[in-house]
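Q: Could you slot chain U onto chain F? The hints should help.
Protein chains: 2
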Amino acid sequence: MPASKGYAAHSAQSPLAPFAFSRREPGPTEIVVDILYCGVCHSDLHMARNEWGNAIYPMVPGHEIVGRVTATGKSVTKFKAGDTAAVGVIVDSCRNCPSCNNSEEHFCHEGATLTYAAKDRVDGSITMGGYSSNYVVDERFAHTVPANLNLAAVAPLLCAGITTYSPLRHWNTGPGKKVGIIGLGGLGHMALKFAHSFGAHVVQFTTNDRKREDALRLGANEVVLSKDPAQMKAHAASFDFILDCVSAPHALDDYLPLLRQDGTLTLVGLPEKPPAFAPFNLITGRRSIAGSMIGGMEETQQMLDYCGHHNITSEVEVIPIQKINEAFERMLKQDVKYRFVIDMSSLK
Amino acid sequence: MPASKGYAAHSAQSPLAPFAFSRREPGPTEIVVDILYCGVCHSDLHMARNEWGNAIYPMVPGHEIVGRVTATGKSVTKFKAGDTAAVGVIVDSCRNCPSCNNSEEHFCHEGATLTYAAKDRVDGSITMGGYSSNYVVDERFAHTVPANLNLAAVAPLLCAGITTYSPLRHWNTGPGKKVGIIGLGGLGHMALKFAHSFGAHVVQFTTNDRKREDALRLGANEVVLSKDPAQMKAHAASFDFILDCVSAPHALDDYLPLLRQDGTLTLVGLPEKPPAFAPFNLITGRRSIAGSMIGGMEETQQMLDYCGHHNITSEVEVIPIQKINEAFERMLKQDVKYRFVIDMSSLK
Chain F
13 MPASKGYAAH SAQSPLAPFA FSRREPGPTE IVVDILYCGV CHSDLHMARN EWGNAIYPMV
73 PGHEIVGRVT ATGKSVTKFK AGDTAAVGVI VDSCRNCPSC NNSEEHFCHE GATLTYAAKD
133 RVDGSITMGG YSSNYVVDER FAHTVPANLN LAAVAPLLCA GITTYSPLRH WNTGPGKKVG
193 IIGLGGLGHM ALKFAHSFGA HVVQFTTNDR KREDALRLGA NEVVLSKDPA QMKAHAASFD
253 FILDCVSAPH ALDDYLPLLR QDGTLTLVGL PEKPPAFAPF NLITGRRSIA GSMIGGMEET
313 QQMLDYCGHH NITSEVEVIP IQKINEAFER MLKQDVKYRF VIDMSSLK
Chain U
13 MPASKGYAAH SAQSPLAPFA FSRREPGPTE IVVDILYCGV CHSDLHMARN EWGNAIYPMV
73 PGHEIVGRVT ATGKSVTKFK AGDTAAVGVI VDSCRNCPSC NNSEEHFCHE GATLTYAAKD
133 RVDGSITMGG YSSNYVVDER FAHTVPANLN LAAVAPLLCA GITTYSPLRH WNTGPGKKVG
193 IIGLGGLGHM ALKFAHSFGA HVVQFTTNDR KREDALRLGA NEVVLSKDPA QMKAHAASFD
253 FILDCVSAPH ALDDYLPLLR QDGTLTLVGL PEKPPAFAPF NLITGRRSIA GSMIGGMEET
313 QQMLDYCGHH NITSEVEVIP IQKINEAFER MLKQDVKYRF VIDMSSLK
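Chains as they are written, first to last, in the numbering used here: chain F, 13 to 360; chain U, 13 to 360.
No lab work stands behind these hints, which were simulated from the structure alone. Do not rely on the hints blindly, as some may be mistaken.
Because identical chains share one entry, a pair is satisfied inside a single copy or across any pair of copies.
[As the list claims (entries may be wrong)] Straight-line C-alpha distance at most 27 Å; calculated DSS-like pairs for lysine-lysine:
| no. | residue 1 | residue 2 |
| --- | --- | --- |
| 1 | 131 | 245 |
| 2 | 285 | 239 |
| 3 | 285 | 245 |
| 4 | 17 | 131 |
| 5 | 239 | 349 |
| 6 | 90 | 189 |
| 7 | 92 | 360 |
| 8 | 239 | 86 |
| 9 | 90 | 285 |
| 10 | 239 | 189 |
| 11 | 285 | 335 |
From a predicted model like this one, the values you see are computed outputs, not experimental measurements.
For reference, chain F alone in the conformation it holds in the complex (with noise of 0.2 Å):
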């Protein structure tokens, strides 16, 4: 069984610690991947500290995971030792429902299995995740890399890269199309980079002035500071489309009239209290409100790759584990930009 470390939480309460730990045998399409980068998603704070209820100690965190294959099971066709390989937020699914036969494993009927804190289909473990030396995962639920990016800055791409792509590409944005993104965070800023790379117009809505300069670099075409409803206003039933990235609270009727007939809002992040809105801003325009999770398996291959093609990669800031619970505090002061990844290295 291979040896595995990494860093858990063992309670709600305590910090990331150094946890030891072994992975289950790879099986016959399976790939064992020693990880290199593992990104730090807003996700693995709330998990640790149980806020969604859901937690199941030890915790070991991490599901934007880049490393290097080092073994594979003999029907694995996908990689070979040495290959540089990705994982994300999920880990399996039944393989055999609707949406697994059409690649969306991500909504499989009977539920994808997650990177941690999720019961193994295999052998019934818990899984770990990539705050970790290493992980064993099906060959089907990997991914390659293009040779040329960044591997620190690739790791974000399979959580906050993919959960931006896949409804930009859903909704069909592109050339001639008007595109808000709420909120400059993780997933925003990808939102940006995918937005302005697929040739729509960009807006990008923010509460903090500061942050202008950084969306203009990014790829906006213009901010809106979003708590000026003059600045508001001027954009009125124009917008084809706007993916809303933020999870703090905030008020959806403040977007919704800014959408055009049959435009839609798109939610990718996940607000604790359930918010509210008024139906006649829906009906008034035929506007939807919809909400996108992350992406099945061939399309988080196809952000992989249409990465590669265009030379696209998170803004991390690299860190070493040791620093982990002080990056945990930090994000939850907005104080990174835009998305911490932890140098496995640092481990050893």
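A: Okay, now just chain U, sitting in the frame of chain F:
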């Protein structure tokens, strides 16, 4: 100027009472319609009692109008004296914006002119609705009526009919699709008839088990008692589309998990309190909440023609205008199957 008489509200507190007024002279593209029947929409009650805060008194309600053409402007091509004509919720628009040019006049960028309690675009007067002896309207905003239909039962098609027909068409309900209808009232019973006619598998949701037989008679394949969690759970993740026809408070989160991947729940009712929803219910399955209101002029005519071909009308209880205040009270008790229609000959 054509003299008119009708029933008007003079304040939010006063019952409707007889009221004499005059219509403006018809212009070259306008027609004069002697009103035969006018449906009683729940919004008439909301408006008369100023429950939406935008009342203008004296107010003659009514926007489900069927009548006989008595005069036509010299450029009118669609009607001649003696024809049956129908008028719905809007009677004018800018006629020049992208939505109007696409015959989506109800989404007019300048705002369409409502049939009553709105400022007339021609002479600046306040529009007076169909609880009256006649109406003057541009032929673009009047519709021909199939000869085979009962005219009293046609009247509610102009609001309840098009309000449900349009979203059921827009979201492509039909054979192979599973469609839910929430609420079996004025809107709901028309939604049920249309969805059934389009060939969908239709499930009627109701809080009142005594409506079961009626729902089956009107076209439901199944009836679900929405307050029974077991009945609801049996339909988890199975609906392509749900049309929500209820204005009373109800929990969207009871219904969103019943949508399959990429399914949509569309509101056509206008709940007073902004509804809330758990974002989790949208992102797991990329589901949407949308809104829809009435339909454009071309689509309204298509709906009427469809009703002629398929012999679809509303279930109505015909009343004399003298019973309108009693009808309002009975509507509040949901004591109507399923739409009151005023026989305007009672005015004489």
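Q: Should residue 239 paired with residue 189 be assigned to within, between, both, or neither, using CA atoms and 27 Å as the limit?
A: within (24 Å within a copy, 42 Å between copies)
Q: For residue 131 vs residue 245, is the C-alpha pair at or below 27 Å within one copy, between two copies, both, or neither?
A: Between copies only: 24 Å across chains, 48 Å inside a chain, cut-off 27 Å.
Q: 27 Å Cα cut-off: does residue 90 pair with residue 285 within a copy, between copies, both or neither?
A: The answer is neither: 42 Å in one copy and 54 Å across copies each exceed 27 Å.
Q: At most 27 Å between CA atoms: does that hold for residue 92 and residue 360 within a copy, between copies, both, or neither?
A: within (24 Å within a copy, 90 Å between copies)
Q: Cα distance capped at 27 Å. Does residue 17 pair with residue 131 within a copy, between copies, both, or neither?
A: within (19 Å within a copy, 73 Å between copies)
Q: Treating 27 Å as the Cα threshold, decide for residue 239 and residue 349: within, between, both or neither.
A: within (22 Å within a copy, 48 Å between copies)
Q: Could you place residue 285 and residue 245 in one of the four classes (within, between, both, neither) given a Cα distance threshold of 27 Å?
A: Classified as both: same-chain Cα gap 26 Å, cross-chain 24 Å, threshold 27 Å.
Q: Cα distance capped at 27 Å. Does residue 239 pair with residue 86 within a copy, between copies, both, or neither?
A: For residue 239 and residue 86, the Cα distance exceeds 27 Å both inside one copy (57 Å) and across copies (53 Å).
Q: Could you figure out if residue 285 and residue 335 sit no more than 27 Å apart (CA to CA) within one copy, between two copies, both or neither?
A: neither (30 Å within a copy, 46 Å between copies)
Q: Classify it for me, residue 90 with residue 189: is the Cα-Cα distance of at most 27 Å met within a copy, between copies, both or neither?
A: Classified as neither; 37 Å inside a copy, 38 Å across copies.
Q: How would you label the pair residue 285, residue 239 (within, between, both, or neither) given a Cα cut-off of 27 Å?
A: Both, since 20 Å and 24 Å are each at most 27 Å.
Comparing the model with each earlier hint shows violations of hints 6, 8, 9, 11; every other hint is respected.
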